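Turn these sequences into a full structure, and let the hints guide you.
Protein chains: 2
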Amino acid sequence: MTTADDVMDVLVRTTFEVAGVLTRIAAEHDLSLTQLRLLGILRDRRARVTELAAYLGLDKSTLSGLIDRAQRRGLLARGKNPQDGRVVEVYMTPAGLELAERVEDDIRRALAPAVGRLDQEQFGPLVSLLDVVATRSPRTPAAPEEPTATR
Amino acid sequence: MTTADDVMDVLVRTTFEVAGVLTRIAAEHDLSLTQLRLLGILRDRRARVTELAAYLGLDKSTLSGLIDRAQRRGLLARGKNPQDGRVVEVYMTPAGLELAERVEDDIRRALAPAVGRLDQEQFGPLVSLLDVVATRSPRTPAAPEEPTATR
DNA sequence: TTGACATGGTTGGTATTACCAACCATCATG
DNA sequence: CATGATGGTTGGTAATACCAACCATGTCAA
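Those protein sequence lines, which keep their order, are chains L and B.
My numbering puts the first sequence at residues 13 to 163.
My numbering puts the second sequence at residues 13 to 163.
It cannot be assumed that every hint is accurate.
Residues from chain B shown here face chain L by an in silico Cβ test under 10 Å; the list is partial [unchecked claim]:
1) 14
2) 17
3) 21
4) 26
5) 45
6) 49
7) 97
8) 100
9) 120
10) 123
11) 128
12) 134
13) 146
Ranges of calculated distance between the beta carbons of each label pair, as one might list FRET restraints [as the list claims (entries may be wrong)]:
14) 147(B) <-> 120(L): 15 to 21 Å
15) 85(B) <-> 18(L): 30 to 36 Å
16) 56(B) <-> 120(L): 21 to 27 Å
17) 63(L) <-> 70(B): 28 to 34 Å
Stretch by stretch, here's where chain L covers chain B in the computed footprint (C-beta under 8 Å, at least three residues) [stated by the list, open to error]:
18) 29–37
19) 80–89
Treat the hints as calculated values from the structure; they're not laboratory data.
These numbers come from a predicted model, not from an experiment.
Where a beta carbon is used, it is the ideal one built from N, C-alpha and C, also for glycine.
Here it is in structure tokens:
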């Protein structure tokens, strides 16, 4: 019988496995895992600092440094928000977008052997199962403390 | 149609989600994610420094510091190997084992809502699918394999 | 209108993580 | 027994991340 504990074990194992791959590929491009996520987020849309901090579960001050260094490298830029003078909006530069694309290619290449061990008809089931697990239900009235993984 | 890219996307998303949970719970016990993994490995068996470095994909010198701090906290200890005087064997103290147990409980509690969104009959399929993905084929002598972080 | 408070970011300080290079001690081999 | 390989530690540096304190800007009530 497969228990919830078994599911957790394999989830944790997979997490370390995938995180290891991501860390390695990121390092090859002189990026940390956090910077990788940052680029991943900003790839799709510009975002304000607090928003990024909430999303990543990090302190605002951590973001300041992260953005500083990425900006110094020319990967992203800070812009003003005309509606609210306090807000700093962060967005990718063309160089950042280009790097993100290269990194994504490398990640897909690195994950290919692992995913390739599955039969193609297993893709669908795995995706729907993991999607259930990974998607936080928005309706969790149980714990008023801790809405997300922030502190 | 579900593609390999879709699988990768959900894998990465799940990884960040689970890693976030692990990081949060670890932090609640004043542990980093790396220390968590370290305790997870040493829970089952004692190991030498180089071995740990290989498992974790870290430099030996990083392990030195990691072990130093955990030792200072009374979580683990260094022992000698009678066969080889150069070797340092690391093992958990009772306090370390106890902490590892508490942390595991908290992790299981924290992952329960996510896993609980699955039906019980989906446990088996998910575990076997993820096991395929997370288990490096022995044909690839790239890096040493990863034991489960908890338990 | 103007205080008072709230919000958004940055700065400064500290601890940890992680790397590399250099090093010492111990083994293994010619 | 000299030489080299292996196992760990030390020292130096950069990045990550926290907290507390701090400005600047917005908001709201008296």
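Here is what the structure says about each hint:
Taken as an interface hint, residue 14(B) checks out: its beta carbon lies about 4 Å from the nearest beta carbon of chain L, inside 10 Å. The criterion of a C-beta within 10 Å of any C-beta in chain L is met by residue 17(B), whose closest approach is roughly 7 Å, and the hint holds. Checking residue 21(B) against chain L: minimum C-beta separation of about 8 Å stays under 10 Å; hint holds. Hint status for residue 26(B) relative to chain L: holds, with the closest Cβ pair at about 4 Å, below 10 Å.
The interface hint given for residue 45(B) holds, since its Cβ lies 9 Å from the closest Cβ of chain L, which is under the 10 Å cut-off. Because the beta carbon of residue 49(B) sits about 7 Å from the nearest beta carbon in chain L, less than 10 Å, this interface hint is met. Interface restraint check: residue 97(B) against chain L, minimum CB-CB distance 32 Å, threshold 10 Å, status violated. With 10 Å as the threshold, the beta carbon of residue 100(B) stays out of range of chain L, its nearest partner Cβ sitting at about 24 Å, so the hint is violated.
Given the 10 Å rule on beta carbons, the hint for residue 120(B) holds: about 6 Å separates it from the nearest Cβ of chain L. A hinted interface residue such as residue 123(B) counts as satisfied when its beta carbon comes closer than 10 Å to some beta carbon of chain L; here the least separation is about 5 Å, so the hint holds. At about 7 Å, the closest approach between the beta carbon of residue 128(B) and any beta carbon in chain L falls short of 10 Å, and the interface hint on this residue holds. Taking 10 Å as the C-beta cut-off, the interface hint given for residue 134(B) holds, the closest approach to chain L being about 6 Å.
The closest approach between the C-beta of residue 146(B) and any C-beta of chain L is roughly 4 Å, which is under the 10 Å cut-off, so the hint is satisfied. The given range of 15 to 21 Å is respected by residue 147(B) and residue 120(L), whose C-beta atoms sit roughly 20 Å from each other. A hinted range of 30 to 36 Å for the beta carbons of residue 85(B) and residue 18(L) is consistent with their spacing of about 31 Å. Distance hint for residue 56(B) and residue 120(L): a CB-CB separation of about 34 Å, inconsistent with the stated range 21 to 27 Å.
In this structure the supplied range 28 to 34 Å holds for residue 63(L) paired with residue 70(B), their Cβ-Cβ distance being about 32 Å. Against chain L, the segment 29–37 of chain B contributes 8 residues with a C-beta closer than 8 Å to a partner C-beta. That satisfies the three-residue criterion, and the hint holds. For the segment 80–89 of chain B, the proposed coverage by chain L is not satisfied: 0 residues have a C-beta within less than 8 Å of a C-beta in that chain, short of the threshold of three.
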